[in-house]
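Take the given structure of chain A and dock chains B, C and D to it, following the hints.
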Amino acid sequence: MAVITGVTCPVCGTFCDDIELIIENNVIVEARNACAMGAAKFLNYSAHRTKKPLIRKNGELVEVSMDEAVEKAAKILVDANYPLMYGWSNTSCEAIRTGLELGEEVGAVMDNTSTVCHGPSILSVQDVGIPSATLGQLRHRADLIIYWASNPWSAHPRHAERYTMFSDGRFEGSTWKSYLSRLRGVMSRKKIQRASNLVLKQDFCFTPQVEEGLPSSVHQKRRRTIVIDVRKTRTADAADCFFQVEPGTDYELLQALRVLVNDGELDVDEVAGIPIETLEQLADLLVNCKLGIIFFGLGLTMSKGKHRNIDAAINLTRDLNKRTKFLIMPMRGHYNVTGVNIVFTWQTGYPFAVDLSNGYPRYNPGETSAVDILSRDEADATMVIASDPVAHFPRAASKNIAKHPLIAIDPEVTPTTMLADVIIPPAFVGIEAEGTAYRMDHVPLPLKKVVEPPETCLSDQEILQRILQKVRELRRDMN
Amino acid sequence: MTELIIKNGFVYDPLNRIDGEKMDISIRDGKIVESVKEKANGINASGMVVMPGGVDIHTHIAGGEVNSGRLLRPEDHVKDVEVKTALTRSGVGYSIPSTFTTGYRYSKMGYTTLMNPSMAPLEARHTHEELADIPMVDKAAYPLLGDWWFSLEHIRDGLIEENAAHIAWMLQATRGYAIKIVNPGGLEAWGFGRNVHSLDDVVPHFNITPREIIRGLCKVNRLLNLPHTIHVHTNNLGKPGNYVTAIETMKCVEDLAQGDKPVIHITHIQFCAFKGSDWSTLSSGAGEISKYVNNHNHVTLDMGQVIFSNTTTMTADGPFQYGLYNITGNKWVNHDVETETSGGIVPFKYKRSSAVHATQWSIGLEIALLIEDPWKILMTTDHPNGGPFTSYPKILAWLMSRAAREITLSKINKRARKKSLLPSIDRELSLYELAIVTRAGQAKALGLKPKGHLGVGADADVAIYNIDPQRLDISKEYKVARKAFKKAAFTIKDGEVVVKDGEIVKPVTGKTYWIDVSTSMPHEINDDIKKKFREYWTVEYENYPLPDSFIHSSFPIPVKAEV
Amino acid sequence: MPKLDVLVLTGRTIEQGKGKEMGKLSKVYLDDVVQCNIDPQDMKTLKLKQNTNVKVTTNFGSVVLKAVKSPRAPHPKMIFISYGPWASMISDPRTNGTGMPSLKGIPAEIEPAPNERVLSLQELVNQLKMEA
Amino acid sequence: MIILDPKRAFRFPIEAKNISPDIFAKKSSKEIAALQMWEGNRKGALGDLFNIKNDSGSPSEEFTIKIEGDASKLRNIGARMSMGHIVVDGDAGMHLGEDMSGGTITVAGNAGSWAGSKMKGGTIEIKGNAGDYIGAPYRGSTKGMNGGKIIIHGNAGYEVGCFMRNGLIQILGDVGLFAGIHMSNGTIFVQGNSEGRAGAQMINGKIVICGHTPVMPTFTIDSIKPKVKVDGEKIEGPFYRFIGDLADNGNGKLFVSKTKNPHLSPYEKYLE
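Quick note, the sequences are listed as chains A, B, C and D, same order. Numbering of the first sequence is given in the working numbering, commencing with residue 1 and proceeding in unit increments. Numbering of the second sequence is given in the working numbering, commencing with residue 1001 and proceeding in unit increments. Numbering of the third sequence is given in the working numbering, commencing with residue 2001 and proceeding in unit increments. Numbering of the fourth sequence is given in the working numbering, commencing with residue 3001 and proceeding in unit increments.
What the hints contain is simulated information worked out from the structure, not anything from laboratory work. Every value quoted in this text rests on a predicted model; they were computed, and no experiment measured them. Don't take every hint at face value.
[To be verified] In the EDC-like style, the derived pairs of lysine to aspartate or glutamate whose C-alpha atoms are separated by at most 20 Å in a straight line are:
id, chain 1, residue 1, chain 2, residue 2
1, C, 2129, A, 60
2, A, 449, B, 1540
3, D, 3043, A, 105
4, D, 3227, D, 3268
5, A, 403, C, 2005
6, A, 403, A, 67
7, B, 1079, D, 3099
Okay, chain A solo, but in the shape it has when bound (with noise of 0.2 Å):
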């Protein structure tokens, strides 16, 4: 039995890097620390796994040798006119710095999962900027924290416990406490629900309490949580405050609440759904506070007005600079996508949707992103590494996946591997091999490797490296 300290999650974006596993004969038996998602992958992430490389010959995928999967996904690639290589952000960086050479040599349009994630923040960020800091920043000094439309406790569960609210900083403190006993408020409040449902034989429907303007508990002089979503999400039951936002008008809550930290006037009676007198009382509560942040989610980037909700939230914190200190950070969601964005951006100036078709890079996402280029029925061949996209884009998208020669690099059984044509698996990385990935903060961390992977396995790395080097043999070859 050993036990390995200091691992890096390799799930969320949260990336947390206190993990200690007790490995037993080369397998993780016990994963300390990790959240419901971490444990989840550290112990049953071989379960559905592919070990050897796999090719669809009439109809039926077939295992094959490494060197066969390679020549053949390296002619795909070759072959192609106008191939997309696309995934990334569950892989290393050094994984990425390979896979740029590839897609730079076949000329390929390279882009990652920001593109269906924070691409439109990125987008926005172009545009006008980003004040935000590293996660121990805010530990130890946010004292206002505002989670828009984001919902880190399903999505990032060990985010309010390592940097926000419950976490210990310098100059500010845990909220633990001042939880706990609202929740027993809360418990108690169920109990008499479910016991009146008992009673009367019917759906008794919680209504949310309506109170007036906002609970004391936010202007108490401690760090305070507030969460602003369409739905009430366990983040928000955890918040000192919620404010629910009727779908698709983030943007005009922002821009309003813009007017109202400037101490302008509004011609409306509620903006959002949520009357005028409440919010002026949140933007005083903006402005009074000593380092605010808001942590945005995909509920602003993908919903109505996607990357102008973030422009929008990033002038209100430009804004609010003016008063006091207020930053903002987007919840990332893999746990290298930040990376995939920083290597791309080192190494061609632009973090996603990068065209190489042409000898250089061009960057231009509606143009240039994947989603846009399988629903156009323009790409002619796809590899995808490292993710999932037939099981998350659009139909219309994945449509152009299925119907073209399509590569997979994934250990794992995933819609998109039951769509490839070539499926090369790798060792797992941040388990079964080691490299870099950095945090949603850019705080760079390594990727450990802490079991023997499957002898038929190489890492991401190493089979990019292999396929490049086919790609270079069938050029020169052709020449």
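Same frame as chain A, but now just chains B, C and D:
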């Protein structure tokens, strides 16, 4: 064993006091040697200038802030692209070039060593990943340590030796080269949106002043025997009247100097040489700064020259960048780093028509020309803050030619022109002096022994320019010289020809230098850092230091400390 | 059959997050991503019982899901589906020049589908292949 | 007149910035055929993709290029052009007339997104619908359309006139979200309906919407005008005149038809 001989060039090697002598340079296995065999490959450099490879003491080329700058500015990249060739990778250029393009473009100008001056220790891994993707040059990075909580607390408590040991650990952990100090105390204050405004302002919550921080780290630097001095970006940078702060900063370590050895490097001095009480009364503090530096030997400077261009400003000085955002309304990135530092980015356009910008342009050149000893003032733009490094040849032209200065002077803002000291300055730098401000002086200030000269044993990093000093009067024909400096006839890196006629002919990777300090007290530091680690940072102790295997072509320079 | 106009929200749940790490073939994942979370009042309007099938139709396709009473109610006329292959069948591919399709707040019609079956993952993938 | 007749249907994006009167005018047919065109990741020549016919019209006629057939995969047609005409028989691809400073482009069918982006002068007329970001700047830039005229007979997508600085965009049909976002000058005239958020974050300039539209809460009502002037022409109202975007200290003018927008009548109380 590879040999190469550069024949009949006019050699400018100021560290060896060679001033335009016609001579051969022999190279074997990447080093300069006494002589080589007759059949060695030869480069005919007759009618050309031969210099050591260029060294840049302060250029933002890699890491978190540089890359955030890249991400911020697609509109900057789109106008300047590099197409993939059989030898080189593609990329984008202008003010913040992508990594490969950065290496190629420096190399094409005859540069071979670059110092990345700003590295948040927590994000050192990022800086080194990018450095690995910058080909053609040797490089190193300076960790930001002036607002590190350990520094603030140790120095406040008078624990200089303890701090020295901790910084030795930090240099190893981050694979750093020198102690970088940016707006000391101001960055910690910026954590809550505040700043410090003089050397004696107290840093909120820490009960220490910028003066104490600078002096403390200067002492630490000496205790550690680091090859470079402390590398300081002063308080009040970019504010009218700040030349006083710059002089006070130099003064505050005067008594720590021993002999003629510098103990402080003030970087991008142009940005700290503003006289006047506000922007409307802004004038040059170059006279005062130069006077001080001419009378003192404990300080080196670099220019931070401004170029009239659309560039991207980036520093660890968060409050300064916030100020710049307020002035311009431009897009603004802020990035505060827990326990250590901050950072900011704002795109900026220096316009000839602006009195302030034109005055800044003048200040940089004034200082470079008024300081008599070229070893004290090195040529930089603080790339990309004053302008992109690709404009270095322009600056050389201004330095070597009064005529070149006059042409630009005639095009700038009238008010700035009237106030400029440049018309009163006749000095024109010689090729020998240019070699000092672009390589010899830079390497000397860095304490980088194998660089900046062509003596036996030096690294065979050589730049050959198509300038015939016997035929060309660089003062009059500065345009020809400018063109020659833009595209080196040859760049030789570690004994190999990597650039010919301004084009890459052989892509190579460079070394990464870092300072490996041996101290006598490593154990206690680790315990102290370990104890406070979880309290200060949000990463685990064991994930913080970079393993040597992570560093691309790692090249430690061993140093023995006095603690 | 009663019908209702709703907005579709897609998103992450902890079960989906866990499930995707256990594998896309795991029960935890497959159970979660075929659920359609509906406001209890809307369930009544539609005369839906827990775990009966519903059909959700948008301009971009339709899919059969399992109706469950939302634990995060009230959110009248909003349904919630976890990210996954089923939600993708009805999402809006238009990016309006941003690269990002519209995955939250898609107008849809929802109706009980007691006689229709929730497709298996393989069937869903086959359907895509056929359409291509 | 040079006529380009596609040799086949295209399916990969084609970089067509060389199709411009400024470039063609100085060249022989042979030289035109040799002009570089990228199709996907393959470098080729214009002559590989098109039959080129030289139909010498009257010598007085301005230089004209006509594309016969579907050009929807052709990007950057007429980029940087300063004179002459381009006529597209069918649909045109993205970035039509990008950065143009003069001349005219006429499209019989639809045009893709970014038509007239960075435009400084000249006229683009699109008979069908247009995509998103019409007259917009490149990513990260605030330099949107700065002159010239874009006329769209059908509907237009999102972010029309984004960061617009000058010129006129006229849409005879409907417009998507965020028309005139971040605009600082110029005019956007919409005869149909707007999906909403017109003038969001605008600093200055004029937007006229004759159909139905929601109005951002960060606009304040200023007056009711019987008519409004667009490009020298008087458009009959009445119009509510709003000022915004207040969040950006904007002084933009948003004219919205009174009769088509009864939901805005509560604003009238502020005018009494």
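Outcome of the hint check:
Restraint check for residue 2129 of chain C and residue 60 of chain A: satisfied, since their Cα atoms lie roughly 14 Å apart, inside the 20 Å limit. About 17 Å separates the Cα atoms of residue 449 of chain A and residue 1540 of chain B, which keeps this hinted pair within 20 Å; it holds. Annotation: proposed proximity of residue 3043 of chain D to residue 105 of chain A holds, straight-line Cα distance about 14 Å (limit 20 Å). Only pairs whose Cα atoms come within 20 Å are accepted, and residue 3227 of chain D paired with residue 3268 of chain D is accepted, the gap being roughly 17 Å.
Between residue 403 of chain A and residue 2005 of chain C, the direct Cα distance comes to roughly 33 Å. Violation of the 20 Å bound is thereby established for this hinted pair. Distance restraint check for residue 403 of chain A and residue 67 of chain A: the Cα-Cα separation of roughly 25 Å exceeds the 20 Å cut-off, and the hinted pair is therefore not satisfied. Using a Cα cut-off of 20 Å, the hinted pair residue 1079 of chain B and residue 3099 of chain D holds, with the two alpha carbons roughly 13 Å apart.
Against the hints set out earlier in the document, violations occur for numbers 5, 6.
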